[in-house]
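**Q** Here the structure of chain A is known, so what remains is to put chains B and C in place on it, guided by the hints.
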Amino acid sequence: MAQQEKDDASGQQAGRSLTMSRAMVEAIAHEMRADDEVFYMGEDVADYGGIFDSTEGLLEEFGRDRIMDVPISETAYLGAAVGAAQEGMRPIAELMFVDFFGVAMDQIYNQMAKNTYMSGGSVNVPMVLTAAVGGTYNDAAQHSQTLYGTFAHLPGMKVVVPSTAYDAKGLMHNAIRDDDPVVYMFHKRLMGIGWLPAPDGPKTGVPEDDYTIPFGSADVKREGADVTVVTLGLHVHRALEAAADLADDGIDIEVVDLRTLVPLDTDTIRDSVAKTGHLVVVDEDYRSYGVTGEIIASVAEAGLDDLEAVERVALPDVPIPYARPMEDEVVPGTEDIAAAVRAARGDE
Amino acid sequence: MVAVNELQEMYENMVTARQYEERLQEEYMAGKQPAFDISAGPIPGELHLAAGHEAAGAGVCQHLRDDDTVTAPHRPHHIAIAKGVDLKRMTAEIFGRESGLSGGKGGHMHLFDPDVNFACSGIIAEGCPPAVGAGLAAKKRNTDSVAVAFLGEGAIDQGAFLESLNLASVQNLPVVFVVEDNDWAISMPKERVTDVENGAQRADGFGLQGMRVDADDAVAVSEAAREAVGRARDGNGPTLLEVQVHRRMGHFMGDPESYRPDEDKDAAEQRDSIERLESDLQAHGVDDETIDDLRSRAHDRVEEAIEWAKDQPEPESEDAYEDVFVNPPSGVTDNEPSTADTGGDD
Amino acid sequence: MSGTDDSVAVETSDRWPDDVDEDVGVVVNWFVAEGGQVEEGDSICEFQVEKVSVDVPAPATGTLAEIAIGEDEEFERGDRLALIRPA
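Protein chains in written order, with our numbering: chain A, 1 to 348; chain B, 1001 to 1346; chain C, 2001 to 2087.
Excised from the complex, chain A in its bound form (with noise of 0.2 Å):
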């Protein structure tokens, strides 16, 4: 499969894999090396080395000018990480969850993403915003969302989503040297914490030495013949656990992983669904309005002849509940993923 071909090619001729959070760290610790500008902001990234490990151990190294805990104060902290940036620096500013970006919001959307443009080109603002995103263990409303689809639905930030330990090193890479503000939203459940054990898959060989991953270049993490599943996250491992599933019954699925959502590499998926004909698109953000229609409507929109049949899968325009069923209820699952690539074949 893809994947195992991909790790034998590179991460695991160095004989050891790394979770997505030793994979991150790596690449933040080798970018402060290389850099005296680049420095990281947060809220519990110090001592604690963040709440899901997205600093862990770098505090010993750099210290606590470079590695900041700064007051709940992300307005501030942010909208500093803005000003540093645009004053030539490489801030990296940490939301601890995704959910709380409302509180600065506006240094996000009116400031770090649309001063390039209003200075006509002539300020940049090289920082990337992380945060921790996702649900699947019961922390409800306020704290479980990955809201995709407004990030990269406001212009001027690229959206990266990494699913592997490989691609999240070479993907931090990239968005650390990017001149332009980069948001890389991390998955709780795929960084590899004891306390919230990931699926297989994230972890992954990982090289030594540095690499980037380009923006815009998404991956097929499994080819497959009869459907193409377009997916990020921690939907790319339920995709291709429904893969396995439905490869038991004849059915091959092509699993492509975007990556990125801004830039987004329609190409690789124009192409897969060329060859497939059939499209289901799996977001764990809310359907409407978001990800899933913007796939679909770019593929659409350039070959629509290729197109036998669409689904998707989604979040329901519900905030995410508490309970246990009923989180289950409305966060996609592997076998929502199976009935759908059925319902786009027409099986049912």
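Hints listed in this document are in silico derivations from the structure and should not be mistaken for laboratory results. As the structure is a prediction and not an experimental result, all values here were calculated from the model. Wrong hints could be hidden among the right ones.
What the hints assert, rightly or not - Restricting the straight-line Cα-Cα distance to at most 20 Å, the calculated cross-link-like pairs of lysine to any residue (SDA-like) are:
#1 K114/A <-> A76/A
#2 K1265/B <-> D2018/C
#3 K1265/B <-> D47/A
#4 K1310/B <-> R324/A
#5 K1139/B <-> E1227/B
#6 K1310/B <-> E1027/B
#7 K1310/B <-> K1139/B
#8 K1310/B <-> P325/A
#9 K1310/B <-> S1099/B
#10 K1088/B <-> S1099/B
#11 K1265/B <-> A2068/C
#12 K1265/B <-> V2020/C
#13 K1265/B <-> F1252/B
#14 K1265/B <-> D1183/B
#15 K1139/B <-> G1207/B
#16 K275/A <-> G201/A
#17 K1265/B <-> Q1201/B
#18 K1088/B <-> D1311/B
**A** For chains B and C alone, coordinates are given in the frame of chain A:
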């Protein structure tokens, strides 16, 4: 002066809150051993327990009526108990059961009990503006209700809090902001994130009264809160009251607290406001038998609530689609169609 | 013992966290597969006891000859997690 019966009432309330957190800790950790898995066991998700905070909830809410509004943060149980939130239905909510306050939709950070005007927000300081709104409503309607926003000392650097202080002050609203200072914003000690010695000093910049209770002392909290709530009820404006408390159980269950010096935790645990109040009761001549009775009543009530909650059924998965609106507009379905029915064209 | 005489056991006694009651841990991550090369001092796996997670450094440079406790498996304090055949 706080009367003996008021001391007893606070004591029972605080023992209830402590016992509640200790029992929830047990229930929560069941199924999460030997290695902690946040989504396993009878109570999943984050759980922020308030052991060590009891004096703040009991001392303030003692002066409140059902028609007074309280907003609580992510660590709400002791405040809810002190405000008179239905303990059984609150417990069922925490266990994610159908009979919970929100039918299992909210969870422990999002407790709502309109019967006693209690609400929560899990986002730091974001309960402050709604409390200002409740104060505004009381003023416009010319009632003598008051509103109290509880927040942690980590929240005093947040815009929503600072803007709320200003709005409440300039509008002379019946609002009390209660800062529970447990010294730690998760792993961040307060001296790392603010240059003021205490949160009450924030009042100076906004023209409202600032008060601080320096010790984990329910009696002192009650006396300060009597003044602050009285000021609000009499139409004399808002107060910012900071109360020293301490954190006995980590920021959330699962927090290894490896950043926290052992001495800090040990010292904090010496400041037990419940033991202190027990001494106060004894000094007022309350005998041990009476104290034991208060304790056992509190324990029984907690046990009954937990047993009741665990017996309640889980919600149906389809319940997830209800309550987005009280008056669903046409086009919003009660039941999400299965993926098989949705072709991307609906 | 499945290793040769000069094999070095990977175990956790000296890494066990101080402030836990449990004597049972769970291996949450292996960073090297069986047969892979390890360098003394590098983290080769991570285990968790209660709420505390701990990295285990390779006690010797060589080949990770055998993993005795796999991911998500429980073990008791003092159990051998793996064997390293020194280079």
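**Q** In ascending order, which of the hints set out earlier in this document are inconsistent with the structure?
**A** 7, 11, 16 and 17
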